[in-house]
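Asks: Okay, here's what each chain looks like letter by letter:
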Amino acid sequence: MSKFDKKRGKSAPKVSTASLPDIVFMLLFFFMVVTVLRDTELKVSVNTPFATELTKLENKSLVNFLYIGQPSAEYWDLYGKNPRLQLGDKFSSVADIPIFLEKHKVKVPEGQRDAITSSLKVDGKVTMGIVQDIKTQLRKSGQVKVNYSAKRREQ
Amino acid sequence: MAKTSTRDRISNEINAGSMADIAFLLLIFFLVTTTIDEDEGILVRLPPWSEDEPDIQRLKERNVFSVLVNASNQLLVRGEPTNVFDLRNRAKEFILNPQRREDLSESPGRAIVSLKNDRGTSYETYLSVYNELQAAYNELRFEQAMKKYGKAYDDLTGNERADIRAMIPMILSEAEPTAFGEE
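Protein chains in written order, with our numbering: chain A, 30 to 184; chain B, 271 to 453.
The reader is advised that the hints may include incorrect statements.
[Claimed, not checked] Below 25 angstroms or equal to it, Euclidean Cα-Cα: the simulated DMTMM-like pairs (lysine to aspartate or glutamate) are:
hint	chain 1	residue 1	chain 2	residue 2
1	B	Lys421	A	Glu87
2	A	Lys174	B	Glu446
3	A	Lys180	B	Asp433
4	A	Lys72	B	Glu310
[To be verified] Cβ-Cβ distance ranges computed for the label pairs, FRET-style:
hint	chain 1	residue 1	chain 2	residue 2	range
5	A	Arg182	B	Asn285	50 to 60 angstroms
6	B	Phe299	A	Lys119	21 to 31 angstroms
7	B	Glu350	A	Lys134	38 to 48 angstroms
8	A	Ser122	B	Lys417	43 to 53 angstroms
9	B	Gly379	A	Lys132	38 to 48 angstroms
10	A	Ser101	B	Phe294	30 to 40 angstroms
11	A	Met61	B	Ala286	38 to 48 angstroms
12	A	Lys89	B	Gln369	39 to 49 angstroms
13	A	Leu49	B	Thr303	20 to 30 angstroms
14	B	Asn359	A	Leu71	30 to 40 angstroms
15	A	Asn88	B	Met437	23 to 33 angstroms
16	B	Asp425	A	Ala144	19 to 29 angstroms
17	A	Trp105	B	Glu413	47 to 57 angstroms
What the hints contain is simulated information worked out from the structure, not anything from laboratory work.
Quick caveat, the model's predicted, so the values are computed rather than measured.
By construction, the Cβ of each residue, glycine as well, lies at the ideal position given by its N, Cα and C atoms.
All chains, full assembly: derive it from the sequences and hints.
Replies: This is the structure in structure tokens:
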């Protein structure tokens with residue numbers, strides 16, 4: 030009575046995993062294209078304020094970054110809790126700014142040096158004293174294009 | 271005579287199982303070492319440094335819009351305590367002076383906004399004040415571009431933008447901060 034024989038249970042068709050690497054490669058390419066290799070480790074905590082009148086920084090190679098904020102917890106013993114300046118990846122003082130700017134400038138081709146912008150990433154709670162000193166030093170070094178980094182807020 | 275069987279043929283299928291592993295490894299590497307860097311901010315042009323004191327010209331008081339911020343993050347605009355939310359509209363009214371009032375600027379070309387902080391002012395307040403002033407200029411330029419060219423300021427050509435900028439120049443002077451508050 031083969032008509033009533035239970036058909037051998039069809040095994041569920043195997044899911045082909047051949048496309049799994051493809052999916053992963055797609056994700057990989059997305060990350061490769063969209064992200065930037067982090068080149069500095071933030072030693073100060075920076076929480077930039079919100080603003081509406083923002084311009085995007087186009088060419089990253091023409092931007093140098095100055096970070097100002099309270100040192101992160103592991104540096105409190107060495108550097109205290111007062112807001113400090115970080116240039117590149119080490120703590121610096123205002124007097125180190127000209128050398129820092131020069132080091133960045135030499136990496137930029139001559140014709141583009143006028144377009145160099147300094148991005149100031151300052152924590153919202155920092156008081157204007159140190160920021161003013163830094164701005165004065167930037168002016169003295171001829172660096173007038175400055176970008177106050179901020180997060181976008183809707184009107 | 272042994273028949274050549276299919277087993278003698280070397281199977282030339284690559285086992286694709288490890289491809290996924292390689293891909294995952296690379297993906298994790300990129301996830302860990304990179305950041306989605308969205309970098310934007312308020313773009314300003316600092317005044318060039320000069321050793322001499324700035325020339326305190328005899329400016330007519332009506333042409334100066336003074337904004338003072340103290341260490342408690344309070345604003346004093348032209349002598350009156352003001353909220354940061356009202357700053358934008360007051361600045362726009364001052365610069366454009368549509369009603370030709372005697373106490374506001376003579377023309378947008380002569381309007382000067384002067385900003386003075388204290389060393390104890392918080393950066394957040396400073397930036398929100400600067401943002402409002404920049405927004406006032408941007409909105410005025412947008413409205414002017416609409417009136418003159420019928421397009422938004424951002425859609426204008428370089429020369430047209432320069433024209434609008436000449437009509438409404440951004441003259442914002444920042445004075446040396448006072449040192450009354452705690453740094």
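Asks: All hints, please: hold or fail.
Replies: Hints versus structure:
Between the alpha carbons of lysine 421(B) and glutamate 87(A) the distance comes to roughly 24 angstroms, so the proposed pair stays at or under 25 angstroms and holds. Between lysine 174(A) and glutamate 446(B) the CA atoms are separated by roughly 19 angstroms; this keeps the pair inside 25 angstroms, and the hint holds. Among the hinted pairs, lysine 180(A) with aspartate 433(B) is inconsistent with the structure: their alpha-carbon atoms are about 30 angstroms apart, more than 25 angstroms. Of the pairs offered as hints, the one joining lysine 72(A) and glutamate 310(B) holds, with about 21 angstroms between alpha carbons and a cut-off of 25 angstroms not exceeded.
Against the hinted window of 50 to 60 angstroms, the Cβ-Cβ separation of arginine 182(A) and asparagine 285(B) comes to about 52 angstroms, which satisfies the hint. About 26 angstroms separates the C-beta atoms of phenylalanine 299(B) and lysine 119(A), a value consistent with the hinted range of 21 to 31 angstroms. With their beta carbons about 45 angstroms apart, glutamate 350(B) and lysine 134(A) fall inside the hinted range of 38 to 48 angstroms. Between serine 122(A) and lysine 417(B) the beta carbon distance is about 49 angstroms. The supplied range of 43 to 53 angstroms therefore holds.
At roughly 41 angstroms, the beta-carbon separation of glycine 379(B) and lysine 132(A) lies within the given 38 to 48 angstroms, and the hint holds. As the Cβ distance of serine 101(A) to phenylalanine 294(B) is approximately 31 angstroms, the hint placing it in 30 to 40 angstroms holds. A beta carbon spacing of about 22 angstroms between methionine 61(A) and alanine 286(B) contradicts the range 38 to 48 angstroms that was offered as a hint. Between lysine 89(A) and glutamine 369(B) the beta carbon distance is about 46 angstroms. The supplied range of 39 to 49 angstroms therefore holds.
Range check, leucine 49(A) to threonine 303(B): about 23 angstroms between beta-carbon atoms, so the 20 to 30 angstroms window is met. Here the CB-CB span from asparagine 359(B) to leucine 71(A) is close to 38 angstroms, well matched to the stated 30 to 40 angstroms. Checked against the hint of 23 to 33 angstroms, the C-beta distance between asparagine 88(A) and methionine 437(B) comes to roughly 30 angstroms, which is consistent with it. For the hinted restraint 19 to 29 angstroms between aspartate 425(B) and alanine 144(A), the CB-CB distance of approximately 23 angstroms keeps it satisfied.
The hinted window of 47 to 57 angstroms between tryptophan 105(A) and glutamate 413(B) holds, with their beta carbons roughly 50 angstroms apart.
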